[in-house]
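Asker: If you're matching positions, the sequence shown starts at 1 in our numbering and goes up one per residue.
What the hints contain is simulated information worked out from the structure, not anything from laboratory work.
Please note that a few of the clues may not be correct.
Quick list of in silico lysine-lysine cross-link-like pairs, DSSO-like style, CA-CA up to 27 angstroms [what the hints assert, rightly or not]:
#1 K101 x K133
#2 K154 x K118
#3 K102 x K154
#4 K154 x K123
#5 K154 x K86
#6 K21 x K123
#7 K123 x K28
#8 K133 x K102
#9 K102 x K123
#10 K102 x K135
#11 K101 x K154
#12 K101 x K118
#13 K28 x K142
#14 K135 x K101
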Amino acid sequence: MKKIILFASLAVVLYSCKGDKKDMIARKWRAISVANPALDSLIADRQVFLDTFGRNSDPETNEKIYGFRNVDSLRQSLKAEWKDMKDMQQHAVENTWFDFKKDGVVIMNFSGQADSSKWTIDKDGSLILTEPKSKPNAVSIKMEIVSLSDTSLKLRYTDNGGTSTVTFRPDSK
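Work out the full structure, taking the sequences as your base and the hints as a guide.
Answerer: Below is the structure:
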């Protein structure tokens, strides 16, 4: 009899935790970071290239390889462009937010581009975003809820073969 009561209690606790996850996610969350190991590796490789490109050869060799002698000016220009691209990416992250409503609608803002979708949490505990069927090529996106607390939401998803993890904080605005 004690085992039955223990299992019944455990089932109630597990069921109530699932409801808590929906309650905990139902608020506005602002993105603070995105991690993508493949992209991070590409960025690191690009940075090494920019730091070393044309430094180990003389102007004549640079002209033969790259078509011009003054590699230093090009390197500085490419570094400035790369910094601008990283700054724009960070700006996009900082201006992305998701507002999960208790009625199952999520309003999403991607750096000024608003969209909405339906949201649910499936039996595995993953977040499912489903576009309205009225949209052409409507899709569902499954995101793993890596962690969820009062102060942080971390979602992992795969898109175009790359896996990204986005970290959110509750929005205070």
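Asker: If a hint holds in the structure, say so; if it doesn't, say that too.
Answerer: Status of each hint after checking the structure:
1. Between K101 and K133 the CA atoms are separated by roughly 19 angstroms; this keeps the pair inside 27 angstroms, and the hint holds.
2. Restraint check: the Cα-Cα separation between K154 and K118 comes to about 19 angstroms, which is no more than 27 angstroms; the hinted pair holds.
3. With a CA separation close to 19 angstroms, the supplied pair K102 and K154 stays within the 27 angstroms bound.
4. Taking the CA atoms of K154 and K123, the gap is near 18 angstroms; set against the 27 angstroms cutoff, the hint holds.
5. Restraint check: the Cα-Cα separation between K154 and K86 comes to about 21 angstroms, which is no more than 27 angstroms; the hinted pair holds.
6. Our distance criterion of 27 angstroms between C-alpha atoms is met by K21 and K123, whose separation comes to about 12 angstroms.
7. Between the alpha carbons of K123 and K28 the distance comes to roughly 23 angstroms, so the proposed pair stays at or under 27 angstroms and holds.
8. The suggested pairing of K133 with K102 holds, with an alpha-carbon distance near 21 angstroms, which does not exceed 27 angstroms.
9. Restraint check for K102 and K123: the C-alpha separation of about 18 angstroms stays at or below 27 angstroms, so the hint holds.
10. With a C-alpha separation of about 23 angstroms, the suggested pairing of K102 with K135 holds against the 27 angstroms cut-off.
11. Among the hinted pairs, K101 with K154 is consistent with the structure: their alpha-carbon atoms are about 18 angstroms apart, no more than 27 angstroms.
12. With a C-alpha separation of about 9 angstroms, the suggested pairing of K101 with K118 holds against the 27 angstroms cut-off.
13. For the hint linking K28 to K142, the alpha-carbon distance of about 19 angstroms falls within 27 angstroms, and the restraint holds.
14. Restraint check: the Cα-Cα separation between K135 and K101 comes to about 20 angstroms, which is no more than 27 angstroms; the hinted pair holds.
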